[in-house]
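**Q** The chain contents come next:
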Amino acid sequence: MTQQGVRWTAEQVLAMAPDAASRKAGSKLAVAGPWSQAGTSDEGTVWGLCKGSGSKPYQTIVDVADSAGPAYKCSCPSRKFPCKHALGLLLLWAGDDGAVPPGQAPDWAEQWLSGRRARAAERTTRTGAASGAASADPEAARRRAERRAERITAGATELEQRLTDLLRGGLAAAEQAGYGLWEETAARMVDAQAPGLAARVRELGAIPGSGPGWPVRLLEECALLHLLDQGWLRRERLPDGLAATVHSRVGLSGSPDGPPVRDRWLALAQYDTSDSHLTTRRIWLHGAESGRTALLLSYGAAGRAPELSLPVGLAFEAEVSAYPGAGQLRAALGERFTAPVPAAVRPPGVTPAEAAARYGEALRDDPWLDSYPVTLARVIPVPDGDSWQLTDADSDLALPLTPSARSRPGLWRLVALSGGTPVTVFGECGHRGFTPLTAWAEGTEGTPGQAVALC
Amino acid sequence: MTGTSSAASSGLPWEELVTTALLGTDRRTSPGPGSGREAPVALLDAAAVETVRRRAGIRPVRAAVRPEPAAADGRPALPPAAARRLATLLADRPGTGGGRRGTAPDLMELLPQWLALANAYGYAAPPEALPALLDAARGRTDLRPAVLAFAGARALWLARLNTDWRFALRAAPGGGAALPGPDEPERVRRLWQEGLFAERVALLTALRAHGPATARELLASTWPAERAEDRLMFLDTLRAGLAAADEPFLEGALADRSRNVRATAAELLSALPSSALAARMAQRATACVAVDRTSGTPTLVVEAPHECDPGMERDGVQPKAPAGRGERSWWLGQLVEAAPLGVWSRRFGGRTPEEIVALPVADDWQGELHGAWCRAAVRQRDAGWSRALLGAPSTPEAGGPGAVSLAERAKLLATLDDGERAEWVAGFIGTHGLSEAFQLLGVCAVPWAPPLGRAVVDALDIARDAGSYPWSFSGVMGLAERCLDPAEAVRLDPLAAAAEEPENAAPGAGGYWSEAFQRLTTTLRLRATMQAELTPL
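As given, the protein sequences belong to chains D and Y, one line each in that order.
Residues in the first sequence are numbered from 17 upward in steps of one, following the numbering used here.
Residues in the second sequence are numbered from 4 upward in steps of one, following the numbering used here.
One should not assume that every hint holds.
SDA-like cross-link-like pairs, simulated, lysine to any residue; straight-line CA separation at most 20 Å [claimed, not checked]: (1) D:Lys40 - Y:Ala86; (2) D:Lys67 - Y:Asp109; (3) D:Lys67 - Y:Asp496; (4) D:Lys72 - D:Ser52; (5) D:Lys67 - Y:Ala86; (6) D:Lys40 - Y:Asp496; (7) D:Lys72 - Y:Glu112; (8) D:Lys40 - D:Ser71; (9) D:Lys89 - D:Thr169; (10) D:Lys72 - Y:Met111; (11) D:Lys40 - Y:Gly352; (12) D:Lys40 - Y:Ala386; (13) D:Lys40 - Y:Gly514; (14) D:Lys72 - Y:Asp109; (15) D:Lys40 - Y:Gly513; (16) D:Lys72 - D:Cys92; (17) D:Lys40 - Y:Asp109; (18) D:Lys67 - D:Ser94; (19) D:Lys89 - D:Gly119; (20) D:Lys67 - Y:Arg147.
No lab work stands behind these hints, which were simulated from the structure alone.
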C-alpha cells in the first residue's frame with residue numbers, strides 16, 4: 017500500500033453514503049468543530065473522536081486503503097453503514113485543511129486495525145481450505161443441481177403455457193387483467209427457483225400502464241421471455257457460451273470462475289437501483305491494459321447501501337474474474353493490490369454509429385441485453401424537441417437519450433459540462449436509447465478533464 | 004433509435020405481429036406460413052426473431068440542430084479544494100433536514116460569503132456545478148446577483164435551454180449579450196432606441212458608471228417621448244454619480260407632467276447643496292426656525308409654514324399630508340429635509356451641528372425638527388450631522404425610543420466610515436445590550452472590526468450569565484456566525500465549553516448556550532478555511 021497522501025474528493029466520499037439523509041448528516045459533520053484527536057496514517061487509516069449528544073465521544077475509524085474496499089468502525093449506535101460520523105470524518109479528511117493531520121493511530125484505533133488484519137489473514141487461509149471442502153461431495157452437489165434444474169424446467173413449461181394463453185386471448189385483454197395475474201405468475205417462478213424468470217414476469221405487469229406504445233413493448237418482452245423459456249428447455253442443444261448465458265438469465269448465475277485478470281481498473285460509474293426488497297449497485301470498470309469493461313454487482317437489503325463502493329474516476333490495481341457466459345461483462349472483484357488513486361486513464365471512445373453497432377453485436381451473445389456499455393468520444397448533448405440526443409461532433413449522426421435519462425439532474429450537469437462543445441461520455445447504449453453515466457470535458461492540452469458523475 | 008425495417012426471415016411485418024398479438028390468435032389467425040406449431044407459439048417465435056432483429060439493427064438518428072457553443076470563460080479555474088467546498092455548500096439544501104441545527108454550521112448561509120470572495124478573486128465557476136448554483140439562486144432571489152456573476156455566460160447559455168432557470172435571463176438584460184460600452188456610440192444608440200425596458204435601464208446604469216454626462220445626454224435625447232413610469236426609473240439611475248452638472252436637466256424635470264417624476268427630481272436636486280432648488284429650500288426652511296434669546300437659555304422656536312404655495316409644490320413639496328399628521332408640520336418636515344444642512348450653522352451664529360442639536364426646542368417641535376435633520380443628513384450623506392444626531396452611544400436615550408428611531412439611526416450610521424460605525428455600535432451594545440442591536444449590526448462592515456466583535460461576544464456572554472435562552476438571540480447569533488472575524492474563534496473556545504448553570508438560569512440553557520457557541524466557533528473556523536481555500540496560490 018504505497019498511496020501515501022492520496023485523499024479522495026468530497027464526491028467520492030459522498031458516493032459511499034447509504035442514502036441522501038446520511039449524505040446530508042455527514043456533510044454537516046465535515047467540519048473541525050465536533051472532532052478531536054483526528055488523524056491519518058500512511059497506511060491509509062483515518063480516525064477521530066466525534067462529539068455526539070452523549071458525554072463520551074464516538075470513536076470513528078476508517079480503513080481507506082484496505083484491498084477489499086474501505087472498512088468503517090464507529091462506536092455510535094447508528095444502523096446506517098457507513099454512519100454519518102464515518103462520512104463526516106472522511107469528508108474532513110478529503111477537505112485536506114489540516115484538520116486531519118498525519119500521525120500515529122491511537123490505541124483504540126490500532127486495536128481494531130490489528131484485529132481486522134488478523135481476521136483478513138485467517139479468511140485467506142480459510143477460503144483456500146473451503147474451496148477444497150466444496151468439492152468434497154461432487155455427487156451430492158450434482159444431485160442438488162439436477163433437482164433445481166427440474167424445478168426450473170417445470171416453471172419454464174408453465175410459463176410457456178401462460179404466454180400461449182395470453183397470446184391466444186390477446187394482449188388487449190391483458191391490460192384489464194392488471195398486475196395480479198403477473199404477480200401470481202412471478203411468485204410461481206420464485207417457487208420454481210428461477211429468479212431471473214420471476215423478475216422478467218414482474219416487469220411484464222408494469223408494461224400495460226407504461227404509456228403509449230405499450231403493446232409493442234409487451235409483445236417484445238413476452239417474445240424475449242418465450243425465447244428464454246425455449247432456450248432453457250433446449251439448453252443441451254445450445255453452444256456452450258449461449259447455454260451459460262441462458263443459465264445466468266434464468267437465475268443460475270454460476271460462480272465467477274473465469275481466469276483472474278489483473279489490471280489497473282478505472283471506476284467508470286457507480287449507481288444504485290432499488291425495489292422494495294433490494295438495493296442493487298452497479299459499478300462499471302475499465303481495464304487500462306486489457307481495455308476490458310467489467311460490471312460489478314453488489315447488493316444491499318432495502319435501506320442499506322451495498323457494501324462495495326468504488327470512487328468514480330479513481331483507478332486501482334486488482335484482479336477480476338468473469339462470470340460464465342459468452343460476452344459476459346459481469347465479473348467479481350478479486351484481490352485488490354492498491355487503493356484507488358486519481359489516474360489519467362480514460363476509456364477510448366467511439367462514435368454514435370459504432371456504439372449502436374456494438375450493442376447490436378453484443379446481442380449475438382446475449383439477445384436479452386437491454387443495453388451495452390460504451391464510451392462516446394467527442395459528442396455534444398443537443399436538445400431535440402422534448403428530448404435530448406448526443407450528437408457526433410464530426411458527423412450528423414446522434415444517439416437519443418433514454419426517456420429516464422432526460423428527467424435526471426445528471427442531464428443538466430452533462431449539458432453544463434459540455435456548454436455546446438464536445439465531451440467524452442460513458443454510458444449504456446441500448447434499444448431505448450443512451451443513458452449517460454459519466455462525462456469528461458476535453459481538458460486543456462494533455463490533461464484530460466476530471467470525471468463528472470451523472471448518475 | 005430507428006430499427007431496420009423488417010422484411011426477410013419471418014415474412015411478416017412487425018406491425019402485423021403486434022396487431023395479431025393485441026387481438027389474440029383466437030380472433031385473428033396469423034396469415035403467415037404455417038410452421039406446424041400452435042398459432043400463439045408461432046407468433047411468439049416470430050416476434051422473438053423480429054425483436055432481436057430490430058434491436059440488433061438500431062442505427063443512430065439524424066442530429067438535431069446544435070446550439071451555439073457557450074462563450075469561453077477566460078477566468079481562472081477554482082483551486083480544487085475550493086471547488087470541493089462549493090459542492091458541499093450547495094449540497095446543503097434548506098428544508099431537507101429540518102429540526103434543530105445543533106452544533107453544525109448553516110452551510111447554505113455561508114454561500115453568499117463564499118460567492119462574494121470567489122467573485123472578488125474573479126474565478127470561473129466549475130461547469131458541472133452550474134445546475135446546482137442556478138437551482139440555489141432560483142429559490143433565493145437574494146443570491147441571484149452573486150450567483151449570476153460567478154456563473155458567467157455559460158449559466159445564461161444553460162438558462163436558455165431550461166425553463167426553470169428563466170429568471171437568469173430576466174436578471175441579465177439582453178439575455179446575457181454584452182452591453183455596448185461608451186466607445187460604441189452606434190450600438191448604444193440602437194439599443195437605447197430599440198431595446199426592452201430592462202435592457203435600456205441596464206444600459207443607462209452601465210453608461211452612468213463610466214461617464215455620467217454621456218448617460219444624462221442619452222436620456223435627455225428621448226426624455227419627452229418616454230412613458231411616465233419609465234421616466235421615473237430612468238431618473239432614478241442618475242442617483243449614481245450625481246453632480247452639479249446634472250442640475251439643468253433635473254430643474255427641467257421639476258416641470259414634469261408626472262408628480263412622481265417631479266418629486267424624484269426635487270429629491271435629487273436637494274442632494275446637491277449648491278443647486279438653485281437647495282438654495283430655495285434653504286431660504287424657506289431657515290425662515291421657519293429661529294433662535295429665541297429672550298429667555299435665559301437660547302431656545303429654537305419653530306414657526307411652520309402656513310401654506311404650501313405653488314413654488315413649494317413645484318420644488319417637490321407634497322401638499323397633502325398623510326392621515327393623522329398636521330399639514331403644517333408635514334410641510335416643515337419636507338422643507339428642512341431638502342435644505343442643505345450647511346445653512347443651519349450660518350443661521351444659528353456659527354454653531355456646530357453638535358451645538359445645534361443640543362439646543363432645546365420650544366413647543367414640542369423637537370421630534371419633527373430632529374427627524375427632518377436626520378433625513379437630510381442621510382440624503383446628503385453628511386457625516387458631521389449624522390454624528391451629532393446620533394449622539395454618544397452610551398447616552399440613556401440612545402437605547403430607548405427618542406427623537407431618533409433605531410431605523411433612522413441605522414441609516415445615519417451608514418453615512419459614517421466603517422471604523423467609526425463599528426465603534427459606535429460597539430459602544431451602543433456595551434451600554435444597552437443586544438436586544439435592540441440587530442438592525443444596527445446589519446449596517447456594519449463585514450467582517451466586524453475587533454472592538455465591535457468583542458462587544459458582541461461579551462454581550463452574548465452576559466446574556467448567558469443572565470440565564471436567558473440562546474434562541475432569544477438567534478438573530479444576532481446568526482449574524483455573528485456570518486460576520487464575526489474568523490480570528491475571533493480562539494477567544495470563543497472557553498465559551499463553547501459547557502459551563503456550570505448559574506442559579507437563576509432557565510433550565511438546560513447552559514447546554515444550549517455551549518452548543519450555540521460551538522456552532523459559532525465551528526462556523527468561524529469553516530469561514531477561515533473557506534477563505535484560505537480561495538486564496539490563489
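**Q** Run every hint past the structure and note whether it holds.
**A** Comparing the hints with the structure gives:
no., hint, verdict
1, D:Lys40 - Y:Ala86, "holds (18 Å)"
2, D:Lys67 - Y:Asp109, "holds (18 Å)"
3, D:Lys67 - Y:Asp496, "holds (15 Å)"
4, D:Lys72 - D:Ser52, "holds (12 Å)"
5, D:Lys67 - Y:Ala86, "violated (28 Å)"
6, D:Lys40 - Y:Asp496, "violated (26 Å)"
7, D:Lys72 - Y:Glu112, "violated (30 Å)"
8, D:Lys40 - D:Ser71, "violated (24 Å)"
9, D:Lys89 - D:Thr169, "violated (46 Å)"
10, D:Lys72 - Y:Met111, "violated (30 Å)"
11, D:Lys40 - Y:Gly352, "violated (67 Å)"
12, D:Lys40 - Y:Ala386, "violated (48 Å)"
13, D:Lys40 - Y:Gly514, "violated (24 Å)"
14, D:Lys72 - Y:Asp109, "violated (25 Å)"
15, D:Lys40 - Y:Gly513, "violated (27 Å)"
16, D:Lys72 - D:Cys92, "holds (10 Å)"
17, D:Lys40 - Y:Asp109, "holds (12 Å)"
18, D:Lys67 - D:Ser94, "holds (14 Å)"
19, D:Lys89 - D:Gly119, "holds (19 Å)"
20, D:Lys67 - Y:Arg147, "violated (36 Å)"
When held up to the earlier numbered hints, the structure conflicts with 5, 6, 7, 8, 9, 10, 11, 12, 13, 14, 15, 20 and fits the remainder.
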